[in-house]
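Position chain R against the provided structure of chain H, taking the given hints into account.
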Amino acid sequence: MSPFTLEAGLGVLLLVVFVAGLAARGSDRRWIGWLVLAGVAGLEALAFALSPVEPAPGAIFVQDGLALFAKRLFLAATLVGVLCGLAPAAGPFARRAAEYHLLLLSSLLGMLVLASARDVILLFVAFELMSIPLYVLAGFAKRDGTAVEAALKFFLVGSVSSAVMAYGLSFVYGAARTTALAGVARAASSGDPLLILGLLAALTGFGFKIAAFPFHMWVPDTYEAASTPFVAWLSVAPKAAGFVAIFRVYFEGTGAGAFWGPIVAALAAVTIVAGNLMALPQENAKRLLAYSGIAHIGYMLVGVAAASASGTAMVLFYLVAYVFGNMGAFLVVEAVARAEGSEHLGAFRGLAQRSPLLALAMLLFLLSLGGIPFVAGFWAKLYVFWAAASAGLYWLVLLGAILTVVALFYYLVVARRMYIDAPVHSGRIRLDPALTIAVLLCVLGVVALGLWPKPLVMAALRVAAPLY
Amino acid sequence: MAAQDLRDALVVLALPFAAFLLLGVVRPLRRRGRLAGIVSIVAVAAALVVAVRLELFGAGSDAVGLWPWLPGDGGPMASVGAVVDVLSRKMLVLVTLVSLLVQIYSLGYLHEESAPGLGRYFAYHALFAFSMLGLVLSPSFLQMFIFWELVGLCSYLLIGYYYDRPSAARAAVKAFWITRLGDLGFVAGIVMLWAATGTFDFAPLFAMAKEGTIPFEGFGLVMFLIYLGAVGKSAQFPLHVWLPDAMEGPTPVSALIHAATMVTAGVFMVTRAYPLFVAAPDVLWLIGTVGAFTALLAATMACVENDIKRVLAYSTVSQLSFMMAAIGSGVPRAGFLHLLTHGLFKALLFLGAGAVIHAVGTNDIFRMGRLFRALPGTGTVFLVGTLALAGIPPLPGFFSKEAILTGVWESGRTGVFAVLALTAFLTAFYMFRVMFVAFFGRAHAPYEHAHDAPPSMAVPLWVLAGLTVLAGLRLAMGGGEEHAPPWLLALSLALAVAGFVLAWAAYQAGVVSASALASTFPLSLVDSLARRRYFLDALYAGLYRGVMLGFSRLIGWIDRYLVDGLLNFLSACTLRGGDLLRGIQSGRAQDYLYGVAFGLLALVVWAQLWLRRP
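Protein sequence lines correspond, in order, to chains H and R.
Sequential numbering from 29 applies to the first sequence in the numbering used here.
Sequential numbering from 797 applies to the second sequence in the numbering used here.
Keep in mind the hints are simulated off the structure, nothing from the lab.
Check the hints yourself; a few may be wrong.
As the list claims (entries may be wrong) - Partner residues are not named here, just some residues of chain H that face chain R (Cβ under 7 angstroms, in silico):
1) Lys181
2) Leu305
3) Val434
Said to hold, decoys possible - With the C-beta cut set under 8 angstroms, the calculated list includes, among others, these residues of chain R facing chain H:
4) Ala855
5) Gly856
6) Arg1129
7) Leu1332
8) Leu1371
9) Gly1374
10) Asp1375
11) Leu1377
12) Gly1383
13) Ala1385
14) Leu1389
15) Gly1395
16) Val1400
17) Trp1402
18) Ala1403
19) Trp1406
Said to hold, decoys possible - Quick list of the computed label-pair ranges, beta carbon to beta carbon:
20) R:Leu1405 x H:Ser187: 25 to 31 angstroms
21) R:Ala911 x H:Gly374: 43 to 49 angstroms
22) H:Thr206 x R:Leu1376: 51 to 57 angstroms
23) R:Gly913 x H:Ser454: 35 to 41 angstroms
24) R:Ala984 x H:Gly420: 38 to 44 angstroms
25) H:Ser217 x R:Met873: 20 to 26 angstroms
26) H:Gly283 x R:Gly1014: 58 to 64 angstroms
27) R:Phe1394 x H:Leu78: 40 to 46 angstroms
28) R:Pro872 x H:Asp449: 28 to 34 angstroms
29) H:Leu468 x R:Pro864: 39 to 45 angstroms
Backbone N, C-alpha and C fix where the C-beta goes; we use that ideal spot for every residue, glycine too.
Isolated chain H (complex conformation):
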């Protein structure tokens, strides 16, 4: 089977949505969302039916285990993201559904290509294809001043990062005399300073995408202002793509793990500390999740810093756990915001009385994010720490473990509001069916991975092994 099957399928879906958008009439065009949902579900099924293809030597587009693993994850995240974006009948999302989903799918196409790219130019193009729709989507509510401001900041930081990255990649080409990543990897082993400078500059771009400190500054503003279903997706899918690109460029076949490991470790340490500490004083649920998400990126970087196959596999596991836990938490925020009209943490008061299901789901997500057994996040943190410890990064593990306690504090503050504080308003919260299903999917993921992590761990280990 051609390695482009998924991308071609997504291209067809894009065309169908485009035509449907032209044909659609009326102010409620949410049916396009259902169309997209069906399409993405079909692609996800297809992704699970596919098996990795042995890449030809020098291929610039590969469909190996890592690519397929990442694509399944992107599609799953998109599936949940589209599902929870279906609900509001009024407002721009219903009227401009075709536009919204076209942008979302374009970005997704960028991710799919990025996961397979083994060439610097293809990688950069895919990177931009993924990023540019995100700027538009962040400012999708174009009459909302804060959303536009946040989108602009996002765009500014993003384009500067991209520029630095492109600049760096040109150095890489200059030093390696090839754009193929396989050739770059060969050159990297020589330790050419120009090549290293180029790769460092490119790391800025990737750091922006995964939102590592200090490239994270766009995150809180964008998350707070953009629509929550989009943010839920934004907070996981592009990050996962960023990590895959980092593995591809810096580690796959380079043998330079000993060099990049400590640099990533330093990045991990500052990101964990900054993310967790800055999450502490937050009073807005989305900002809290934004900073806690930065901290999670730091934990994943710990696994990257291990620069080993097991470390990479554990990051992949962490990504899956993070997709379910973090998206789930954002979805609950969305549900509460729809009922209360507020994303402030105070809106969570007494949630357990008003909607036991929602409160329990949120509790599970928070426990998973906090790393409590036996939900997915516990294994994710444990495995990442374990990989780092076997690479000798004990100081980093210790730091991460200490800051996990800080993280538990702000997560459990939310849990206390839900379960102990009295509700401000009375009456049960009515739940939208699509949103409920999305939440339940996330609960299922978090709990199933928590109780039975072994198959996914084995799959991740299988996928990561050929990289080193």
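The following block gives chain R in isolation, referenced to the frame of chain H:
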């Protein structure tokens, strides 16, 4: 046939457990009170039927069933199972019998209790029956310890049944803590024994003792620690102080748990593990000596006590010590016989005392008097129990006590023998003292309202009395020890009669003034010491307040100011750090771009430093 026996034993065990589960899980059933009682009674009655069948018609041979429990390298680390032999068969009958009678009695005794309270009471009773049966069936120290703790839990729950009464709550905690002291030794001993031999099971341990691999070095200490468990559970000096306080529980509970069954667990354990104790002669000597000493000590305290239940409680301590002394002197069979007979007549006495308290509403024997006229039925059965405990033939107490005295005499421990003989005399004295003061003698108050117990209470009393007499006749017809020297039989009888005569003279005829007798030296010293419980309770209270609370306060201070202080300081720093860091999030886009530039520069600098390193 052995398999059939094993199955029967497991059925006996399962029935009360099923009742407990039913009452524990099905809330409406438990809250119906009397219905809950009937469920528990039916289960225990069925268990009794099976147990009796096992005793009378079983194969008679020993059967052991073991199932692996904790997996380990090279075979299971520990097993669970059941052992059916002479000891456990007899104990099954005793436990189910007394449980059944006490539960029936409770229906009458606690008829004024609220329905939910009564349901709770019977649920605990069912759990207790299960735990006690599991204990006697245990084929290993580990399983025994688990059930040992379960009966301890039931004891705690039932002593504190009137949990809204501060004295009952305190007594429950006291019983729990003091027996826990002994259990600490028990569990340490079990683990040490396991570390040395690699097994918890009795059968291989006994085999080792037989072939001489036991005793190993430090075996004495191990057995002493295991014995400590029995010291706590069977109320041996110096851990006997909890048992009199345990009388705060309802009287039927005292009869079942604190007289007939649970407190004998220690004696049972030592009897069960006797082949091991034989290998540690020093510990055996200690068991005998402490037993004799406690027997005498408790008997003197029983002589000066005015609370009818407490007299019986001290008497229980004393009789348990009799059994321990017998084991320590090398006659565990006599001790076990006394365990069985004592279980019958002490339950009878407690239930009788309960009927008296039920009728007159006080525990103080000096506020009773001439009760025999008002309560002829209760008086008669109480008299049977008294005669049995005092050791008057042909009631069973005479034979079992005489078997102990014979065994001790033949073992050559004259000192222990003398102390036990003195105790036997005191036993007769304090029991007839209660009899004369409460049932005969002067009436202290008119008892128009006092009347004999209702049938649900009277029937168990008469059944127990009948069984006591039957057991005595059975022993008289040749079940007892045949080789007792005639002078010893005469001595036993003489001691009992002497106790009776002294009590009659002091409390009925008034020939001797009890107070005058008590004020002559050296009896005055004993009297005042016994009244103050030999200062043991005060000593424990002092230790608790001085040492334990002092230490706790110190630890509390360290926790509050040093540990918490450090943590508070750290958390304050963390929060402050969060606030400070938040300052860099200015909201201005140019600052964000500076961030990117700064990050790139920092990366380059860090990489430079890293590259320069050799």
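If you take the shortest Cβ to Cβ gap from Val1400 of chain R to chain H, is it below 8 angstroms? OK, holds: Val1400 of chain R within 8 angstroms of chain H, min 6 angstroms.
Can we keep the Gly1383 of chain R interface hint, with Cβ of chain H closer than 8 angstroms? This hint holds: Gly1383 of chain R lies near chain H, its Cβ roughly 7 angstroms from the closest one there, short of 8 angstroms.
Would you say the C-beta atoms of Gly283 of chain H and Gly1014 of chain R sit inside 58 to 64 angstroms of each other? holds, 59 angstroms
Is 28 to 34 angstroms respected by the C-beta to C-beta distance linking Pro872 of chain R and Asp449 of chain H? The hinted range 28 to 34 angstroms is violated for Pro872 of chain R and Asp449 of chain H, with Cβ atoms some 50 angstroms apart.
Would you settle whether the hint for Gly1395 of chain R is holds or violated, based on the nearest Cβ-Cβ distance to chain H being less than 8 angstroms? holds, 4 angstroms
May I ask you to test the interface hint for Gly1374 of chain R with respect to chain H, counting a Cβ-Cβ separation under 8 angstroms as satisfied? Cβ of Gly1374 of chain R sits 4 angstroms from chain H, so the hint holds.
Using 8 angstroms as the Cβ threshold, decide whether Leu1371 of chain R counts as touching chain H. Since chain H brings a Cβ to about 6 angstroms from Leu1371 of chain R, closer than 8 angstroms, the hint holds.
Is 38 to 44 angstroms right for how far apart the beta carbons of Ala984 of chain R and Gly420 of chain H are? This hint holds: roughly 41 angstroms between Cβ atoms.
Taking the least C-beta to C-beta distance, is Leu1377 of chain R closer than 8 angstroms to chain H? It holds, given that the least Cβ distance between Leu1377 of chain R and chain H is near 5 angstroms, below 8 angstroms.
Do Gly913 of chain R and Ser454 of chain H keep their Cβ atoms within the hinted range of 35 to 41 angstroms? holds, 36 angstroms
Cut-off 8 angstroms, beta-carbon criterion: hint that Ala1403 of chain R touches chain H: Hint on Ala1403 of chain R: holds, closest Cβ of chain H at ~6 angstroms, below 8 angstroms.
That 25 to 31 angstroms hint for Leu1405 of chain R and Ser187 of chain H (C-beta), does it hold up? holds, 30 angstroms
Hint violations for this structure: numbers 4, 5, 6, 7, 22, 25, 28, all remaining hints satisfied.
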